[in-house]
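**Student:** Position chain Y with the ligands against the provided structure of chain H, taking the given hints into account.
For reference, the chains in residue letters:
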Amino acid sequence: MIRAVETDVAATDADSSVAVKTIRVRVLRQDAPGRESYWERHDVPYEPNMNIISVLQKIAAKATSADGRAVPPVAWDCSCLEEVCGSCTMLVNGRTRMACSALVDKLLVENADEIVIEPMTKFPVVRDLVVDRRRLFRSLERVKAWVPVDGSYDQGPGPRISPKEQEDAYPLSTCISCGCCLEACPQFTKIEVIRRDDESQEEFDARRKAAFDKGFLGAHAISQAMLFNAHPTGGMIADERLKAVTSQGGIQMCGNAQNCVAVCPKQIPLTRSIARAGRAATLWAIKRLFDR
Amino acid sequence: MSTNPASGPESIDSFFSRHQFLIYRLFSLSGLIPVGAFLVVHLLTNASVLFGPESFQSRVDLIHSLQPILPFVEWAFIFLPMLFHASVGFAIIAGGLPNVGSYPYVGNVRYTLQRATGMIAFAFILWHVWQLHSLGKSFGGGAFKPEQATSTAATAIQSAPVAILYAIGVLSAVFHFANGLWTLGITWGIWTSPAAMRRANWVSIVVGVALAAAGLGGLAGMLTTDVDEAERIESKLHPKNDAAAQDGR
Ligand code: SF4
Ligand code: SF4
Ligand code: FES
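Chains as they are written, first to last, in this note's numbering: chain H, 12 to 303; chain Y, 413 to 661.
If we strip away everything but chain H, and leave its shape as in the complex, we get (with noise of 0.2 Å):
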């Protein structure tokens, strides 16, 4: 596919030896949370391989736009640069994937006119393309997506996990908390709470905290909390998981559209977390009846 691209360049080179192809961007730009978005379209002169990243980085150090008027640069996030830290997320021609691993050559094989860039909709946009994605983490407090090891005393060492269960945990223990999968996902939707005037930040944070533990979890603390119930220490609260997997915006609130584990950068096999999820709500469901 990149080998396409380069012959389109170099005869676009051959064509006239004075012009650079250039990249037509839209941006959806927003100026603060709450504010309405606008499109702002850029001019990017191209260059091979580069990713969503290095396009962004143009147009910030251009800060003009295709009409000529000077703009504030576009704001982003990101940081690794190699889609391990998950913090690039936005929606490139219309599709959720991590800028960084959103590779230029592939994109114009796609589309070749334009590439669009918006930010993620199913959270609160804070400016640009950078969103606030405190939900996505407090849907794995609520999982409690982690191994409870904290203690004033030594524990000693773990117990042995086989090599045949550490090969189907590594997987889900590579989610990088993206939230591509909570993005494509049709049950999902965003919830942003706008703090009042007469409203102190705790009484702020307390109400959007409630407001965020009634919506759907999402396929990634789903996953996680299976990841958690079947590590032997972490699977001492396998039933608080299972609580938190089965209360309001619990697993029950999955559609089996199963966009996520299309979508996921790093291929977790999350309707497989998922089905496993209800197989344990069901058995556990069953067990708090008779154990009532």
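One or more of the hints may lead you astray.
Partial selection, computed: residues in chain Y whose CB lies under 10 Å from chain H [what the hints assert, rightly or not]:
#, residue
1, Arg430
2, Phe502
3, Ile504
4, Arg527
5, Ser605
Quick caveat, the hints were computed from the structure, so don't treat them as lab data. Values in this document were obtained by computation on a predicted structure and should not be read as measured data. We treat Cβ as the ideally placed atom computed from N, Cα and C, and that holds for glycine.
**Tutor:** Only chain Y with the ligands this time, still in chain H's reference frame:
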């Protein structure tokens, strides 16, 4: 958590929130038992018309031999579960945000179709019950007479627009059931691995195609029925009734 009688609507809301998991699981189960099971029985019964009016009439007679308690059976095992399934279903549809445009994956298309066919099937069933079931009588419908099963059903359906709407309604219900079978298995954790889901998918395809054949077969049987001939056969099977009908004339 004691309930505060002063906060009526809020406690209803909190009731649904606290029991969301249970309600959604009952929703899922009700789609298979009894609603789905009823769909299967109904479509297979209809298909028996392909073997002639006698065959269909004998099955209808069997069902109506329950007569004194038939309304109770209908409400307890068909109408109420169906209304429950539909109301939770509409709440689920209202809470979702279909996005096949951006993510045109097979699973997502099925997710969207599941919702669309659910709504079509619900509208179709309302109309169908009005048109044929005795409940529809007070509203100008209720054309089906159990003692003249084939002729009354055939008369009601033998017009092109009605037949087309029936085909759409039946196929929607069948898709909704077959696809729902597959998602039910994931929801309850019956098939968990991708390979098991693929195998289960074949099962749901086979069930869906078989039921679609039965449903469309029944419809075709009704459309090709000779109504006069069917009436003759019915009057032989239910002579008393025929006399009553003659008296009425
Ligand atoms: S399978 Fe469930 S969690 Fe995944 S995208 Fe579909 S509805 Fe969302
Ligand atoms: S499960 Fe996949 S898509 Fe979801 S947050 Fe983790 S890495 Fe991202
Ligand atoms: S910058 Fe870290 S995942 Fe893209």
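**Student:** Decide, hint by hint, whether the structure agrees.
**Tutor:** Checked hints:
no.	hint	in the structure
1	Arg430	7 Å, holds
2	Phe502	14 Å, violated
3	Ile504	7 Å, holds
4	Arg527	8 Å, holds
5	Ser605	6 Å, holds
Checked against the numbered hints given earlier, this structure breaks only hint 2.
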